[in-house]
Amino acid sequence: MIDHCTLWPEGSWGACCAAHDLAYADPAIGRLSADWALAQCVAATTGGPLMAAIMFGGLTLFGWWWRRRAHRSKPPKA
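Each step along the sequence shown adds one to the number in the working numbering, with nothing skipped, and position 24 is 330.
Since the hints were derived computationally from the structure, they do not count as laboratory data. If you're wondering where the values come from, they're calculated on a predicted model, not measured in any experiment. Note that the Cβ used here is the ideal one computed from N, Cα and C, for glycine as well. You may find that some hints are simply not true.
[What the hints assert, rightly or not] The following label-pair restraints were derived from C-beta to C-beta distances: (1) F368 to I335: 10 to 20 Å; (2) L356 to P333: 12 to 22 Å; (3) G354 to P333: 24 to 34 Å; (4) G320 to L356: 11 to 21 Å.
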């Protein structure tokens with residue numbers, strides 16, 4: 307099973323989490339923009355606005371750690 311929503315239940319918003327993971331790996335996309343896009347996507351699914359707000363709050367508090375980890379795992383440019 308693929309875990310797109312790390313430390314969170316997959317739910318119907320798995321595709322939202324997958325897009326968010328890709329956005330976190332791209333340094334050109336700001337963290338807040340990526341987090342807000344995830345919240346908007348989750349709100350548009352069966353997660354609704356409450357789940358979107360909870361996820362956005364968690365990302366606001368702890369997302370910096372995951373973004374830092376994503377950038378460290380990239381191989382250096384040649």
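Hints and how they fare:
1. F368 to I335: 10 to 20 Å: 18 Å, holds
2. L356 to P333: 12 to 22 Å: 31 Å, violated
3. G354 to P333: 24 to 34 Å: At roughly 31 Å between Cβ atoms, P333 and G354 fall inside 24 to 34 Å, so the hint holds.
4. G320 to L356: 11 to 21 Å: The hint (11 to 21 Å, Cβ to Cβ) holds, given that G320 and L356 are roughly 18 Å apart.
Going down the numbered hints, you'll see the structure goes against just number 2.
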